[in-house]
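Participant: Guided by the hints, dock chain B onto chain A, whose structure is given.
Read top to bottom, the protein sequences are chains A and B.
The numbers in the working numbering rise by one with no breaks, and the one at position 179 of the first sequence is 179.
Each number in the working numbering corresponds to the 1-based position in the second sequence with 367 added.
Heads up, some of the hints might be wrong.
As the list claims (entries may be wrong) - Derived EDC-like pairs (lysine to aspartate or glutamate); straight-line CA-CA distance at most 20 angstroms:
no.: 1; chain 1: A; residue 1: Lys193; chain 2: A; residue 2: Asp183
no.: 2; chain 1: A; residue 1: Lys117; chain 2: A; residue 2: Asp183
no.: 3; chain 1: A; residue 1: Lys351; chain 2: B; residue 2: Asp391
no.: 4; chain 1: B; residue 1: Lys718; chain 2: A; residue 2: Asp63
no.: 5; chain 1: A; residue 1: Lys193; chain 2: A; residue 2: Asp139
no.: 6; chain 1: A; residue 1: Lys117; chain 2: A; residue 2: Asp96
No lab work stands behind these hints: they were computed from the structure.
There are 2 protein chains.
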Amino acid sequence: MPITRPTLMVNPEVARRNIRAMMDKFNRLRIRLRPHFKTHQSLEVGNWFRREGIRAITVSSVDMAARFIADGWRDVLIALPINPNEIPVINTWPDDLALHLLVDHVAAVDRAAGLLKRPVDMWLKIDTGARRCGLVPEDSKAIMDLIRRIGRQSRMRLRGLLTHAGHTYAAANPAGIRRCHRDSLVRMAALQKQIRDAGGPELQISVGDTPACSVCESFTGVDEVRCGNFVFYDIMQYRLGSCRLRDIAVRLICPVIGSYPQRGEVVVHGGKVHLSAESISGDDGKPFFGMVAACHAADPWPMPLPRARVRSLSQEHGVVFLGGRRAARFLPGDLLAILPVHSCLTADLSKHIIDLQGRRIGSTISI
Amino acid sequence: MPITRPTLMVNPEVARRNIRAMMDKFNRLRIRLRPHFKTHQSLEVGNWFRREGIRAITVSSVDMAARFIADGWRDVLIALPINPNEIPVINTWPDDLALHLLVDHVAAVDRAAGLLKRPVDMWLKIDTGARRCGLVPEDSKAIMDLIRRIGRQSRMRLRGLLTHAGHTYAAANPAGIRRCHRDSLVRMAALQKQIRDAGGPELQISVGDTPACSVCESFTGVDEVRCGNFVFYDIMQYRLGSCRLRDIAVRLICPVIGSYPQRGEVVVHGGKVHLSAESISGDDGKPFFGMVAACHAADPWPMPLPRARVRSLSQEHGVVFLGGRRAARFLPGDLLAILPVHSCLTADLSKHIIDLQGRRIGSTISI
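Bound conformation, chain A alone (with noise of 0.2 angstroms):
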């Protein structure tokens, strides 16, 4: 049976070739690794993890937290600031779970404290540079009141200071993510100490992005980290220096619907809705969407074409530059490969996964 719309590869080799390697590296550094499930959101790949001992997750939400819990997981993270109007369906879940929930202000705490049923261990969340979520480490204030409020809480313990150092994805190169990386280690031991001295409790320290955890040794003073991506890796960790292109575990195989030779093109069934519309900037300064192998039945596994670029998309097309002659090989029902620019979005957009051999990998993806 050919392949006959857009749907995600994996390569399952690769795939756990990867999450050895980052189980590895922290087991050495002797730091519990907690990978984040919202790249795959497949019970499956979740199994690849069980299989090599992994016990702790990471999640972005009550949804995905729910699949995974029902699938048997008992320590879950949900790395997003709690809305308290999700605790009912939190009260609802085993007493056997060690669940872990973020928090960054005193009205969520008082809010969830009044509706919450069962023991939850609390994360305070901390911006160390990425102006997304957490209070900054220097507003000693804010975060003393809310450690005090949730000392108040008896179903809540206060486990940690837990970060996401986002802005390693806007760093040029390896050196960037390290500076990035230091400079948010530094500030979070430095909160830690100054809580300590305060009088206030003993608490972890949680980071993690898969930019710093591929490409940074030193993680003094770290208990956990959360890093997800790495298990697909794609082209934005590769442009970043986190990956090799062999290491990127997933193709999204399209099949062309259009042959233009004179303009180097073709067109793909393809588009926003299965890649996203995520794009990354070329050598030549222009946006483009994805780079492409092309499919044989010699090899299973395609590395993408030199100067092969998805250029542009729109909702279900794609259009692929790979220069006059090649394009004129590929023949409307002909198979593309396309190597995602980002590998959690595309793998959202997926229904399901095959591997090389097109057997389906477990069931429907995405929550």
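Facilitator: Chain B in isolation, oriented as in the chain A frame:
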């Protein structure tokens, strides 16, 4: 029950008004409106069109066609050049279905013809400037070859010439849209005449993009239009001048999860997996990902706040600029309503839609 996760709200009254306005216009012009259903992908919204008298529809994939055919639609155009490997699925569809397919390559005709077991209506895809799919109208040799090739297939009936002047989206304003549209019509009419003069068949002309269908009044020679976005509209269409703000029929309702008055920002649960990664350039030259309205019990359909913008998105988070005083008023659990940049992609990412009373409109959407 409060809304606890990012949820697409549709104002049925506004959407139906948009449907009726477009129908009135093309009824007046005596042109067939074959609306594109990729915007909503919803059986229930499809029924709103049906109740207004629409019988012919456009979709952008075989899967999407199957969904609407199963719901009783019997005149369907798949506006993506046909992938011959999907013909076996098409062969299973009901006999009383008028099925319209797109083609721009002899190889697609040959490969499809060998598999086809039912009559289909064929349309030549013509590229009048969007540089996506289609033959350029001046490439008479390829066009006449394709016409002859289709003519030899007993199950294929050639119906017309079809274009999508998608380059109207790059226009700066309604005058630019009118220029693209006029140029596109002139080239389509010239091609139609040239084919007729060469002894070829009498062909219909199908065009359609929401900007041109919203803004232009002259459709001389056109038999069919296929606009789709107009049912919901969005910020992109508003910026092009296709609609007024009050014509935008959708809001993504998002719970606040963080409040950062010192930055003038709040963070909502609502990210690229809900709104898509699509952005548009603001007056300050910076991209933004949506306009923002405050949800009030008193006003179930709030209009956007001046200067409030979604500044950045990650997978599940959205950073919203409100201004310092306003940001302080929103606490975790409160709701904001985001007007999306691109409603087609936002709807595709939604599991279901709700009306102003929070009732689900129909079942799961998105194929």
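Participant: Work down the list of hints and note, for each, if the structure agrees.
Facilitator: Status of each hint after checking the structure:
1. Between the alpha carbons of Lys193 of chain A and Asp183 of chain A the distance comes to roughly 16 angstroms, so the proposed pair stays at or under 20 angstroms and holds.
2. Restraint check for Lys117 of chain A and Asp183 of chain A: the C-alpha separation of about 38 angstroms exceeds 20 angstroms, so the hint is violated.
3. Our distance criterion of 20 angstroms between C-alpha atoms is broken by Lys351 of chain A and Asp391 of chain B, whose separation comes to about 38 angstroms.
4. Between Lys718 of chain B and Asp63 of chain A the alpha-carbon distance is near 12 angstroms, which keeps this suggested pair within the 20 angstroms criterion.
5. Between Lys193 of chain A and Asp139 of chain A the alpha-carbon distance is near 14 angstroms, which keeps this suggested pair within the 20 angstroms criterion.
6. A threshold of 20 angstroms between alpha carbons decides the hint, and for Lys117 of chain A with Asp96 of chain A the separation of about 14 angstroms falls inside it, so the pair holds.
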